[in-house]
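First to last, the sequence lines map onto chains A and B. In terms of this note's numbering, the first sequence is residues 106 to 231. In terms of this note's numbering, the second sequence is residues 5 to 371.
Treat the hints loosely; a few may be bogus.
[Said to hold, decoys possible] Which chain B residues face chain A? A few, computed with CB under 10 Å, are given here:
| # | residue |
| --- | --- |
| 1 | Gly28 |
| 2 | Gln30 |
| 3 | Gln34 |
| 4 | Val40 |
| 5 | Met140 |
| 6 | Glu292 |
| 7 | Arg294 |
[To be verified] 30 Å max Cα-Cα, derived DSSO-like pairs, lysine-lysine:
| # | chain 1 | residue 1 | chain 2 | residue 2 |
| --- | --- | --- | --- | --- |
| 8 | B | Lys209 | A | Lys191 |
| 9 | A | Lys113 | B | Lys22 |
| 10 | A | Lys148 | A | Lys227 |
[As the list claims (entries may be wrong)] With the Cβ distance kept under 7 Å, some of the chain B side facing chain A (calculated, not the full set):
| # | residue |
| --- | --- |
| 11 | Ser36 |
| 12 | Gly38 |
| 13 | Ile39 |
| 14 | Phe172 |
| 15 | Gly288 |
| 16 | Thr318 |
| 17 | Val356 |
For the record, the hints were derived by calculation from the structure and aren't laboratory data. For glycine and all other residues, C-beta sits at the position ideal for the given N, C-alpha and C.
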Amino acid sequence: MSEVKYSKEHEWIKLEGDVATIGITKHATEMLGDIVFAELPEKGSSVEKDGTAGVVESTKAASDVYTPVSGEVLDTNQEIVDDPSKINQDPEYNAWFFKLKIKDKSEMDSLMNKEDYDKFAKESNS
Amino acid sequence: METKKTSLYQLHQDCNAKFVEFAGYQMPIQYSEGIVEEHKFTRNHSGIFDVSHMGQLFIYGGDELIKDLEKIFPLDLKNLKLNHSKYSFLMDKDAGIQDDLIITKINEGFLIILNAACKNNDFKILKELLNEKYKMVLDENRSLIAIQGPKSSQILNDVIDGVNDLNFMSGNWFLFDNQKVYITRSGYTGEDGFEISILNNFADKLTRELIDKGSKLVGLGARDTLRLEAGLCLYGHDLDKDKTPVEANLKWAISKERISKGGFMGSDIIIKQLNNGVTKIRVGIKPEGRVIAREKTKIFNQSDVHIGEITSGTFGPSVNGPVAMGYVENKFSEKNTKVFLEVRGKKHAASVCSLPFYKKSYVKGSN
């Protein structure tokens with residue numbers, strides 16, 4: 106069974122075994138507007154919890170994508186690089202950004218569950 | 005200072021606008037469909053833009069006013085026909101651009117459309133330059149509604165009969181609901197379109213009628229992507245006091261009749277630059293990949309020497325790729341010159357290109 110958690114930076118993370126799939130939340134896409142550019146981390150590179158792991162740009166501005174956990178980048182989603190509008194269409198969960206082999210499962214503990222995240226997103230919206 | 009609201013504020017809210025503060029006004033940046041859809045709808049159908057934050061300056065006077073305005077603007081105003089418009093600039097004595105504007109000859113004098121962020125300062129400058137000789141009204145009682153895109157002339161003509169007959173860069177008075185509205189065929193998108201100056205109390209009604217006929221409200225977000233694809237400058241970004249019209253590659257807007265004799269604000273510098281050339285110049289920049297080079301992105305040549313800076317950059321929905329413009333050293337301004345843009349620490353290949361990125365479809369007038 107997979108577990109989905111959410112970060113304060115509006116990423117979602119789905120954990121299966123020690124492989125985490127990470128993307129940005131629907132709420133994040135609504136805040137950003139039409140996404141027209143996505144940049145992903147290099148396969149094989151290491152990323153650190155709360156560090157930058159990519160960029161998304163709307164017509165208006167660029168925003169960093171952070172990784173909520175540390176690990177090694179196993180795979181990235183070329184589909185969203187080729188057609189960034191897919192991120193707006195299905196952010197949770199088809200338009201994933203990258204997959205990590207995670208270093209420390211306990212980093213998941215500080216992340217929010219769906220209910221807490223929805224509340225957080227609603228509050229950060231106002 | 006409290007932010008102002010335009011007379012379409014309620015309508016924007018009804019259409020689920022996202023608002024931003026712009027030049028002291030609450031303005032819609034986009035509506036529910038988003039910037040890309042609004043942009044495409046304008047290119048393919050018709051978009052309505054609330055530009056009521058812009059200044060509508062009426063200056064009343066006759067032949068003497070024409071002479072005095074020619075001491076300011078690089079235009080042949082003596083020969084500007086009634087109801088014809090020209091794009092121009094308010095320059096300082098060093099030819100630095102203090103604002104760009106559209107000036108239209110009307111029966112009683114001139115109507116000048118000014119940028120929102122500049123309008124109060126422009127008013128002060130012009131009042132001083134004209135020695136308070138003329139009645140000048142920066143009219144807060146009128147809204148300014150633009151309707152742009154290929155279906156706009158039909159839609160607007162259904163509501164206000166006769167606008168179809170206007171030529172590009174000309175205007176006239178029409179009636180809407182028994183109120184006088186001044187309409188020019190002009191715009192800021194690279195599409196055929198109109199700008200309507202209308203009393204605040206009637207702006208909402210007019211706009212709702214245009215929506216009923218099939219046009220849609222479009223926010224400032226798409227206004228920016230549309231104008232950039234059309235290669236048009238945005239004041240405060242592509243134009244400012246540190247740039248002259250010659251450097252901005254806008255010398256076409258300086259009347260030939262005025263260049264030989266000068267006598268307008270900044271004319272010494274303009275004539276010098278026209279004769280001797282300039283060191284930096286505005287060009288179009290097309291990134292090769294999908295990376296967007298925003299304002300202030302540094303431009304390098306093939307030998308990695310810093311040669312300029314981006315002043316506007318975004319994703320162009322109709323071009324389906326990134327578009328930008330910026331200033332480079334003149335010797336690198338040749339079309340197809342390879343350059344590199346530094347984005348997030350990496351250099352990305354791009355080339356100097358001609359503007360616009362998107363071909364205009366203005367309805368041309370006979371003169």
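Results for each hint:
1. The beta carbon of B:Gly28 is not positioned within 10 Å of any beta carbon in chain A (closest approach about 20 Å), and the interface hint is therefore violated.
2. Checking B:Gln30 against chain A: minimum C-beta separation of about 17 Å lies over 10 Å; hint violated.
3. Below 10 Å, beta-carbon pairs count as interface contacts, and B:Gln34 has one with chain A at about 6 Å; its hint therefore holds.
4. Residue-level restraint check for B:Val40 holds (minimum Cβ-Cβ distance to chain A is 4 Å; threshold 10 Å).
5. This hint is violated: B:Met140 has a C-beta 36 Å from the nearest C-beta of chain A, more than the 10 Å allowed.
6. Look at B:Glu292: its Cβ only gets to about 14 Å from chain A, farther than 10 Å, so that hint breaks.
7. For B:Arg294, the interface hint holds, since its Cβ comes within 10 Å of a Cβ in chain A; the closest pair sits about 5 Å apart.
8. Restraint check: the Cα-Cα separation between B:Lys209 and A:Lys191 comes to about 38 Å, which exceeds 30 Å; the hinted pair is violated.
9. For the proposed pair A:Lys113 and B:Lys22, the alpha carbon gap of about 23 Å is at most 30 Å, so the pair holds.
10. The straight-line distance between the Cα atoms of A:Lys148 and A:Lys227 is roughly 34 Å, outside the 30 Å bound, and the hint therefore fails.
11. Among the interface hints, the one on B:Ser36 is violated; its C-beta lies about 10 Å from the nearest C-beta in chain A, farther than the 7 Å criterion.
12. A least Cβ separation of about 5 Å between B:Gly38 and chain A falls short of the 7 Å threshold, and the interface hint therefore holds.
13. Interface restraint check: B:Ile39 against chain A, minimum CB-CB distance 5 Å, threshold 7 Å, status holds.
14. Look at B:Phe172: its Cβ only gets to about 27 Å from chain A, farther than 7 Å, so that hint breaks.
15. Taken as an interface hint, B:Gly288 does not check out: its beta carbon lies about 18 Å from the nearest beta carbon of chain A, beyond 7 Å.
16. Residue-level restraint check for B:Thr318 holds (minimum Cβ-Cβ distance to chain A is 5 Å; threshold 7 Å).
17. With 7 Å as the threshold, the beta carbon of B:Val356 stays out of range of chain A, its nearest partner Cβ sitting at about 22 Å, so the hint is violated.
In summary, the numbered hints that this structure violates are 1, 2, 5, 6, 8, 10, 11, 14, 15 and 17.
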